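Novice: The chain contents come next:
4 protein chains.
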Amino acid sequence: MKWKILLLAVVFFAGISFGSLVTGQQPQLKKWQKDKGWGWVWGKDDEVGSLNEMTDASRLSALRIVERGKVYDLGVLYDRTSYKWPGHSPGEIISFRTPEGVKRQQDQKELVNNNGSRTAWHSSALFINDNVATQIDGLGHATEGDDNHWYNGFKEADWGGNWGPRKADASTIPPIVARGVLIDVAGLKGVEALPSNYNISSDDLQQALRKQKTELRPGDVVLIRTGTLRYWGETGSDHAKIAMHDSAGISVETAKWLVEQQGAMMIGSDTSGLEYNPSEADFQTYRDKYRSFMPVHNYLLINQGIHIGEFHFLEGLARDQVYEFCYIACTNKIKGSTAGFTLRPIAIR
Amino acid sequence: MKWKILLLAVVFFAGISFGSLVTGQQPQLKKWQKDKGWGWVWGKDDEVGSLNEMTDASRLSALRIVERGKVYDLGVLYDRTSYKWPGHSPGEIISFRTPEGVKRQQDQKELVNNNGSRTAWHSSALFINDNVATQIDGLGHATEGDDNHWYNGFKEADWGGNWGPRKADASTIPPIVARGVLIDVAGLKGVEALPSNYNISSDDLQQALRKQKTELRPGDVVLIRTGTLRYWGETGSDHAKIAMHDSAGISVETAKWLVEQQGAMMIGSDTSGLEYNPSEADFQTYRDKYRSFMPVHNYLLINQGIHIGEFHFLEGLARDQVYEFCYIACTNKIKGSTAGFTLRPIAIR
Amino acid sequence: MKWKILLLAVVFFAGISFGSLVTGQQPQLKKWQKDKGWGWVWGKDDEVGSLNEMTDASRLSALRIVERGKVYDLGVLYDRTSYKWPGHSPGEIISFRTPEGVKRQQDQKELVNNNGSRTAWHSSALFINDNVATQIDGLGHATEGDDNHWYNGFKEADWGGNWGPRKADASTIPPIVARGVLIDVAGLKGVEALPSNYNISSDDLQQALRKQKTELRPGDVVLIRTGTLRYWGETGSDHAKIAMHDSAGISVETAKWLVEQQGAMMIGSDTSGLEYNPSEADFQTYRDKYRSFMPVHNYLLINQGIHIGEFHFLEGLARDQVYEFCYIACTNKIKGSTAGFTLRPIAIR
Amino acid sequence: MKWKILLLAVVFFAGISFGSLVTGQQPQLKKWQKDKGWGWVWGKDDEVGSLNEMTDASRLSALRIVERGKVYDLGVLYDRTSYKWPGHSPGEIISFRTPEGVKRQQDQKELVNNNGSRTAWHSSALFINDNVATQIDGLGHATEGDDNHWYNGFKEADWGGNWGPRKADASTIPPIVARGVLIDVAGLKGVEALPSNYNISSDDLQQALRKQKTELRPGDVVLIRTGTLRYWGETGSDHAKIAMHDSAGISVETAKWLVEQQGAMMIGSDTSGLEYNPSEADFQTYRDKYRSFMPVHNYLLINQGIHIGEFHFLEGLARDQVYEFCYIACTNKIKGSTAGFTLRPIAIR
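Residue numbers (the working numbering), protein chains in the order written: chain A, 166 to 514; chain B, 166 to 514; chain C, 166 to 514; chain D, 166 to 514.
Isolated chain A (complex conformation):
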């Protein structure tokens, strides 16, 4: 029996959380209900949604998944050429100060004089949209209804503004540290990337999970791979190629399965919008059914308070068959932004 005592001692020494790693237990969720998910359950002032589920214990549990310390960078590189939805504003990163400019202009005399080292600097000015490159949509991004409300019933007439929404902007997204799971649907299908307008079903997800031998747990960040970002290249400048695959994604039914049956706390993919975009053939039926041009956004962001991860680069994880990891993402802290953008979330294993 000695070894049992010893094991207990070791477990005690390593702390409770190490125990949950060994046993595979996820700390209990606070508000999630099977068959229902979350919804507006966090109080009338809440701007955080399902990410309220994170606790010290859940984060520690996620960190304890790490075995090697290998980091996968899930961000893609952005510049003026990068693919984005055409309805967003374009972007430029422009040299604002350069050493030559500083020295020629002499507009900062007190800096440039008595400067034997001939020191100067580079800085850049950016004109940029907050829905570009690797993103996490804030809960204020999507609205619905004639009252234009978003998550938790915040209405445009009350909380709109000239400088971004004044409730549930992206600055309210807390640092995310959670168990992450990759579901490699492109891998399941044996294709480089899913075809245009491919509608990922919950069956697809379950088959992929079985193949991967991965289980979902309530509170997970679920990342679904279509393979689209295989074509990002350096800065996402091959718009036609990316667009070809970018329309693959999940339907509302699949989102519901992930949230209401599995307790997914956040859902993302390697496309610009996560969700299935109907083909021309399907367009009318789809529109009649969902009465929205982005029903998964309606469901997740508005109805459930669940953040959406977009353009997450999943090629490295897929290549190494890393299906379970610690997911960490910290959005820009900019008041009035509607999404975390040009992000660099990481998966650590």
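By construction, these hints were calculated from the structure, which means they are not laboratory data.
Be aware that one or more of the hints could be misleading.
Where chains are identical, the list cannot tell them apart; a pair therefore holds if satisfied intra-copy or between any two copies.
[To be verified] List of simulated lysine to aspartate or glutamate pairs, EDC-like, C-alpha gap at most 20 Å: (1) K274 <-> E445; (2) K274 <-> D447; (3) K274 <-> D453; (4) K235 <-> D221; (5) K354 <-> D211; (6) K274 <-> D403; (7) K454 <-> E275; (8) K195 <-> E445; (9) K199 <-> E380; (10) K235 <-> D368; (11) K320 <-> D238; (12) K268 <-> D311; (13) K195 <-> D272; (14) K201 <-> E425; (15) K406 <-> E480; (16) K320 <-> D272.
Predicted model, so just to flag it, every value in this text is computed and none were measured.
Following the hints, put chains B, C and D in place on chain A, whose structure we already have.
Specialist: This is chains B, C and D only, laid out in the frame that chain A set:
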């Protein structure tokens, strides 16, 4: 003997890195030399500098510091009112699309039609400088010499450009996962915040470390607290108050001690520039001595290839007396940016 | 009698309009009524207001005022340092392409290759507000009422948008060619510039006109000099000095006299807002009386459909005692802009 | 002899310039030489070039061309969709303040309170390139040589900067008031618009002038019509159609004929670049011959100091067969801009 075998097995199972947690050992650094630091030792194409020291083992070791899973958000909230150095371009976050605007303009007819849910969206356009709010300076930020070179000898004539520096921009900063140490100098001095133009010496740092019972190890991210961000408020709009303390910082001698004696892999603080800014009384002497208006930047960024953390919010760590933690920071992935900006680094304990 | 015949022949040759120059007649106005002015008299779709009064004949008459061909540039030079109302967005003019950048980046290979002359180019990108430097306010600039309507009853709920107002934006301002009259109030008072919060009365205007021996005619562009722009310097960077005088201007009563008694078709001055801004002592009384923070804007732009000229540089005209001239101004043709800005109207004499 | 005396008296009364109208004489040019044009003849600090030729007399002469007072607006309307050269930065005009936003945000309490009229305002923020819509290129726009010099020998090493060129930026372009001549080449050819890559020869110009019965005079602003802007529509959004014709233009030989034989003071057209762009078939020969990708720009802007008018809308003039007129154009007064842009030049007849 059974228990010894068992313990070995457990340790083996948990991996080498778990061992390093138990023993408190930091993995060896690859290129650092005592009394010298790093310098341009990483090969002529290198854009990463001392952060090349990070390995799976070092990251795992840093992650293993975490005991509770508590996260400290080191980012400050940015908006148009936020304090910044006046030489940088100003910023606006502007509602680009709003539900009312989308519906009134009808410029996206295919989206708005057959849209029974009356779905719409918010997005924002930003004009922003890449040296605002919580930052990590890229190695291309500072230049010196008549040839305007930066870290590793990259010269403006070769690697300058209209859209930001083309070598060692901020997108080349890898995800940072490392042991972080807070040195609370304001705490040592028993003040809310250090006075204007306070020159933090290596003695100050050593006294604070002794008081805190913290030891530095090679490869650390060292964060030095002046208390300045106590006055950030919501968005850093009290410029006079922030400016009053923002000039406190370290001297070149202190930076050298941290790098060459202690092996600090990155150094940051809660001010806009980390370094001591001389008072008027001291101005001429200082300029004659260092021949630069930002000698710590010259030393760290250009000469040593060490990134600088700026405007890191350290009040929470200080309050809880958390002096050792896992530091995680992922900069925006924007080509041509000279610093990671509006960041939200985290300290996990 | 021969000479009479000859004179008739010459006059005939020069056309009817030359005749109106000789006789000093102003062509009749179409819709102006004494004691009433204009108002919303131009039809429910009108976006032009009182400038509808311009005709070929009125323009020709104005052009015939010119005797020497001397041009006065009424625009002030704008850059990032220029004084503006703090509620407007800031501005930067940034080198977007430079010859060095073009050649270093080689991003336009087809241009730069086989380019023996080593040709390249400069272009700039601007972030700029549409209410800066020398301006003419569009009729969509000011709104009032809970329905937020502007000139002619255009309502925000119908004609607002994300990309500027969609009715009566500044692109609807036609080229303005009209008789211009300078009323030099600073000259009348014998001061460099009117004091802070000076309320220009219709008596002031009448005295100045008498002193100048100038008469107003229906259809005039009336420019009122406070002397404020004497302090613009190169780019308007002495904000304190400009602000000190910028609060001098006309009251609603004075505006009414100009419009309803004199038929002024457009009114401008050398300040940022034309109208009197109350001193602290006067603030409450003023607000109680007018129930608006810019009642002259309400009266002119919304109620009367009269454009307002702002920051018109009148120093040259005053110095040369040119009180009557041909005023020509052509606003930028930018959809969604709310004012013509950074303009260079001219007075020709 | 009496009538001669009388005529002299009348002429005296009307001024010298009226005399030049009667006789059709153009005032003498100051520096132009036949077979040579201008070049760098205006002194080493000059930033104005051939526009230095304008005098009170020349302006008065141009104004005296006006017979009816009819104005032709030569500007095209710009917005985010407008056709432009892809090497320029994109543009957005964004509602910065709206009445709803002002009232919801309450960020300007002192304005919004005690505001019984419920007054508010619209203003817009623009991100815009200075080479869009109707333009006049400044003399600092084009550079050549390894020293990257522009007009009058200004070199990048001396006069470059981060905020636009510091010599001969567009703010140095004086108000232009001059005799304008339309040469309707599309009209001559009997086509809606000249075909792609059509190279307009001096023969074409002479034939058109003969057909029109128009003569050129030294000091003219010459506007050449290709018909391209017939396809501008509201805001220039049919890029393919515009691009198809936009490559028609003049060659260096034609430019030389206009400048060196005819004394054209400024040359413009209804295309984005005035000059002929070679077809693929012609590309190599063309490049070998001119050693520049924009040789007409080199010749006019750099070598001759002659401003170029671009995207001037000439359809109205052509329709009415108005070939001689008073041309008036006033560029934006923005320091560091490289061209007057989104202009609204006018032709008055």
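Novice: Against this structure, judge whether each hint is valid.
Specialist: Verification of the hints:
Only between protomers do K274 and E445 lie at most 20 Å apart by alpha-carbon distance; the minimum there is 16 Å, versus 61 Å within a single protomer. For the homomeric pair K274 and D447, the shortest alpha-carbon distance between copies (18 Å) is at most 20 Å, but the shortest distance inside one copy (64 Å) is not. In the homo-oligomer, the alpha carbons of K274 and D453 lie at most 20 Å apart only across protomers (16 Å), although the nearest pairing inside one protomer, at 65 Å, exceeds that limit. Taking the shortest Cα distances, K235 and D221 sit within 20 Å of each other only across copies (5 Å), while inside one copy they are farther apart (22 Å).
In the homo-oligomer, the alpha carbons of K354 and D211 never lie at most 20 Å apart, since the shortest distance is 40 Å inside one protomer and 39 Å across protomers. For the homomeric pair K274 and D403, the shortest alpha-carbon distance between copies (18 Å) is at most 20 Å, but the shortest distance inside one copy (45 Å) is not. In the homo-oligomer, the alpha carbons of K454 and E275 lie at most 20 Å apart only across protomers (16 Å), although the nearest pairing inside one protomer, at 66 Å, exceeds that limit. In this homomeric assembly, K195 and E445 never come within 20 Å of each other (Cα to Cα): the closest approach is 42 Å inside a single copy and 55 Å across copies.
Within a single copy, K199 and E380 get their C-alpha atoms as close as 17 Å, which meets the 20 Å cut-off; across copies the closest is 48 Å, which misses it. In the homo-oligomer, the alpha carbons of K235 and D368 never lie at most 20 Å apart, since the shortest distance is 31 Å inside one protomer and 37 Å across protomers. For a Cα distance limit of 20 Å, the shortest separation of K320 from D238 qualifies neither inside one copy, at 36 Å, nor across copies, at 29 Å. Taking the shortest alpha-carbon separations for K268 and D311, only the inter-copy value of 10 Å comes in at or below 20 Å, while the best intra-copy value is 56 Å.
Neither within a single protomer nor between protomers do K195 and D272 lie at most 20 Å apart by alpha-carbon distance, with minima of 57 Å and 37 Å respectively. For the homomeric pair K201 and E425, the shortest alpha-carbon distance inside one copy (5 Å) is at most 20 Å, but the shortest distance between copies (58 Å) is not. In the homo-oligomer, the alpha carbons of K406 and E480 lie at most 20 Å apart inside one protomer (16 Å), although the nearest pairing across protomers, at 41 Å, exceeds that limit. With identical chains, the CA atoms of K320 and D272 are at most 20 Å apart between copies only, with a shortest distance of 18 Å across copies and 46 Å within one.
Going down the numbered hints, you'll see the structure goes against 5, 8, 10, 11, 13, while the others check out.
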